[in-house]
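Chemist: Each chain, written out:
There are 6 protein chains.
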Amino acid sequence: MGKFSHIDNEGKANMVDVGDKIPQIREARATGKIILEEQTLQLINENALKKGDVLTVAEIAGIQAAKKTSDLIPLCHTLQITKAEVKCRVVEDGVVADTMVKCIGQTGVEMEALSAASVALLTIYDMCKAVDKNMRIEGIKLLDKTKTDLK
Amino acid sequence: MGKFSHIDNEGKANMVDVGDKIPQIREARATGKIILEEQTLQLINENALKKGDVLTVAEIAGIQAAKKTSDLIPLCHTLQITKAEVKCRVVEDGVVADTMVKCIGQTGVEMEALSAASVALLTIYDMCKAVDKNMRIEGIKLLDKTKTDLK
Amino acid sequence: MGKFSHIDNEGKANMVDVGDKIPQIREARATGKIILEEQTLQLINENALKKGDVLTVAEIAGIQAAKKTSDLIPLCHTLQITKAEVKCRVVEDGVVADTMVKCIGQTGVEMEALSAASVALLTIYDMCKAVDKNMRIEGIKLLDKTKTDLK
Amino acid sequence: MGKFSHIDNEGKANMVDVGDKIPQIREARATGKIILEEQTLQLINENALKKGDVLTVAEIAGIQAAKKTSDLIPLCHTLQITKAEVKCRVVEDGVVADTMVKCIGQTGVEMEALSAASVALLTIYDMCKAVDKNMRIEGIKLLDKTKTDLK
Amino acid sequence: MGKFSHIDNEGKANMVDVGDKIPQIREARATGKIILEEQTLQLINENALKKGDVLTVAEIAGIQAAKKTSDLIPLCHTLQITKAEVKCRVVEDGVVADTMVKCIGQTGVEMEALSAASVALLTIYDMCKAVDKNMRIEGIKLLDKTKTDLK
Amino acid sequence: MGKFSHIDNEGKANMVDVGDKIPQIREARATGKIILEEQTLQLINENALKKGDVLTVAEIAGIQAAKKTSDLIPLCHTLQITKAEVKCRVVEDGVVADTMVKCIGQTGVEMEALSAASVALLTIYDMCKAVDKNMRIEGIKLLDKTKTDLK
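Protein chains in written order, with our numbering: chain A, 209 to 359; chain B, 209 to 359; chain C, 209 to 359; chain D, 209 to 359; chain E, 209 to 359; chain F, 209 to 359.
Rather than coming from a laboratory, the hints here were simulated on the basis of the structure.
Please note: incorrect hints may appear among the correct ones.
Note that the list lumps identical chains together, so a pair holds whenever it fits in one copy or between two copies.
[As the list claims (entries may be wrong)] List of simulated lysine-lysine pairs, DSSO-like, C-alpha gap at most 30 Å:
| # | residue 1 | residue 2 |
| --- | --- | --- |
| 1 | LYS229 | LYS355 |
| 2 | LYS355 | LYS337 |
| 3 | LYS276 | LYS355 |
| 4 | LYS211 | LYS229 |
| 5 | LYS241 | LYS229 |
| 6 | LYS241 | LYS359 |
| 7 | LYS349 | LYS220 |
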């Protein structure tokens with residue numbers, strides 16, 4: 209059976225030592241969705257149609273959150289992200305946030321990708337909360353992550 | 209049909225002016241769940257049984273996130289939270305984070321309660337990611353919010 | 209002759225005590241401009257025409273900066289901003305950032321309005337720096353500030 | 209004609225991927241000036257004469273701002289600055305802030321040098337705002353930037 | 209026997225609800241000392257004599273830390289500080305940092321005063337660490353705290 | 209006689225340029241103690257016995273502080289910490305916080321280890337301040353630091 213990497217034998221939390229790992233190109237993609245009422249979706253579509261700010265504000269918030277991940281999550285390492293991308297798109301029943309984060313480092317960037325998705329969706333929630341009383345955020349998950357050796 | 213409070217007629221984003229509202233006691237409760245594999249749940253249960261740190265770390269991260277909400281979400285106001293509570297509990301298929309935030313102010317604290325839940329669950333994700341490759345975060349939503357006049 | 213409010217008789221820096229002032233509605237408006245080459249302006253105009261993100265990203269950065277002012281400027285007080293607005297507009301030789309910040313408090317919000325303008329213009333600089341090697345930021349100044357008694 | 213590095217073909221903002229670049233020694237120097245009234249300059253000169261804190265506080269704020277640049281400017285990368293220097297000097301009509309920032313990294317430090325200058329000048333503004341009602345910040349620009357291969 | 213205000217009956221940590229308290233003028237004073245070798249003290253005295261930056265940098269860091277206290281200490285409330293003062297003075301065997309913080313609020317500012325003293329002394333440590341291998345920080349404590357009704 | 213690394217010949221503060229140093233594995237250990245009354249110790253022991261949160265909250269705060277060091281201390285460099293560990297243990301007259309921080313970098317991590325200890329102890333202070341009016345923090349000091357070549 210597996211073992212928590214952040215938890216020692218006495219059950220105490222711990223920051224994992226990544227100092228012995230070789231720096232690699234790390235990439236992670238995550239996603240999540242906010243479920244919206246039809247009326248809200250219509251408003252967002254109208255805003256998207258006239259290229260308003262709703263999705264852009266959420267995307268910027270997501271990128272900023274990726275950079276703040278180690279401040280948000282206590283046992284996360286500080287990283288130097290080389291790329292963060294957040295794309296929000298309207299779907300049938302809500303808005304999906306797809307994120308991708310890359311770094312060159314000794315530990316992966318999945319928490320950065322997941323934080324970016326979470327905060328982008330919370331930002332959409334914030335902008336829609338005056339018109340939609342039934343929003344919920346669903347399906348925040350990792351899509352994939354890779355590590356590639358440096359040339 | 210409703211109208212976005214943060215978006216003007218040209219579709220541009222905007223911080224709402226709350227300066228004319230009367231300060232009231234604002235309270236909001238939110239929740240969310242991270243779905244975990246049986247093996248992961250067993251590890252968390254063992255950790256909880258010996259009163260290890262897993263749930264506590266997530267709760268602390270959630271409280272800290274409530275205080276950082278205006279930094280995370282671009283159009284949120286800065287607030288002086290008078291109380292933030294995050295409780296994580298193991299359920300059949302995962303861990304639920306229940307949050308409650310209070311302030312005395314001119315705008316509500318639902319984004320604070322939702323941010324607290326999101327970050328608490330991301331923190332559990334972080335601690336379990338070495339043992340569980342199928343986690344996802346579901347059902348982040350507001351439970352209720354109230355405003356009460358100051359005496 | 210005047211006297212620095214933040215500097216004592218020995219020349220030492222000091223945070224002013226605002227505790228004895230009565231809370232009032234404080235408002236300040238500031239502005240600033242980034243001078244751009246014709247080619248850069250054309251690119252921004254094209255982006256603005258198709259309602260791209262350039263000006264929006266700068267506006268969001270400016271709003272966020274208004275909220276961070278007390279962290280940026282050592283002797284500034286923490287404030288609860290009730291409204292922050294940043295509008296970027298293309299002019300003949302560059303982009304102007306106009307800002308407005310409001311709070312209810314014991315000290316003014318001019319530094320918040322000025323920080324918002326500065327960071328909005330720096331953000332435009334960042335986005336244009338691959339195409340324009342002669343940018344400069346000019347004329348960051350206060351337009352006006354007011355204080356009004358609470359009703 | 210050039211192309212914005214941060215903006216894609218649809219006009220959407222984007223963090224540039226710097227992961228394929230080779231780390232180099234990056235250095236940038238920037239400058240800016242705050243225009244002050246004669247009386248204000250006299251007060252600053254007196255403070256400087258008795259080696260008071262005015263210029264030092266601004267310099268410290270500038271150094272701190274260099275380290276916060278990626279938090280202020282949405283599409284900036286996080287960097288590990290190896291050196292940040294901010295020097296404020298009184299000139300005929302105001303105070304000039306000269307900055308220099310170095311890092312070893314995959315992207316330049318010009319935004320860090322420019323942010324340091326901007327925040328140093330805003331800090332002087334803050335300290336002088338009780339005595340000078342006509343301040344403005346001018347000429348924030350890059351002086352030069354270099355990249356040198358690592359030995 | 210007393211009871212921890214932040215800890216519930218099950219031993220779990222908790223942010224205290226201060227929402228029912230009446231806002232009062234809160235003030236706290238704290239102190240602490242860093243013990244230095246004779247040679248280091250001599251260098252600081254020389255720097256102080258020519259009104260160099262050592263003590264000023266520490267004082268500014270302390271003021272900034274007072275404003276960051278709720279971000280540093282998980283169960284602290286966010287506050288609007290109306291005044292923060294940090295004075296460092298050379299004594300026989302080291303440097304003493306005396307701090308004073310005021311706010312109008314529902315909870316005291318002793319943690320802010322203590323954080324300011326701690327960070328001011330850490331900043332002196334940082335500046336002296338190349339010359340002194342035996343520094344230690346001692347006696348960080350509250351001197352007094354008061355609450356006064358608003359008029 | 210030694211010389212301050214952060215202070216130039218005119219007594220001005222300066223961030224040291226670490227760009228020419230070769231990255232090495234840096235490790236530092238620090239410690240500090242908070243002196244508590246017998247009654248407080250008893251409450252902490254009871255909390256520790258039932259594995260309550262008191263010591264865990266302090267440890268998490270310390271780890272977070274290690275990551276924030278360059279934001280707290282003006283002339284500290286930003287670093288990528290590979291490991292941060294904070295252990296709090298009850299002793300005869302108080303609680304000791306032992307910390308260890310590692311990074312791969314061009315400058316040491318002693319300030320990070322000392323900041324972690326300081327903030328962990330301040331966090332204990334915060335949680336005990338309702339029951340103990342005589343706390344003081346003592347003996348914050350470096351235990352050792354090492355640098356090792358990368359393989």
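Chemist: Determine which of the earlier numbered hints do not hold for this structure and return their numbers in increasing order.
Modeler: 5, 6
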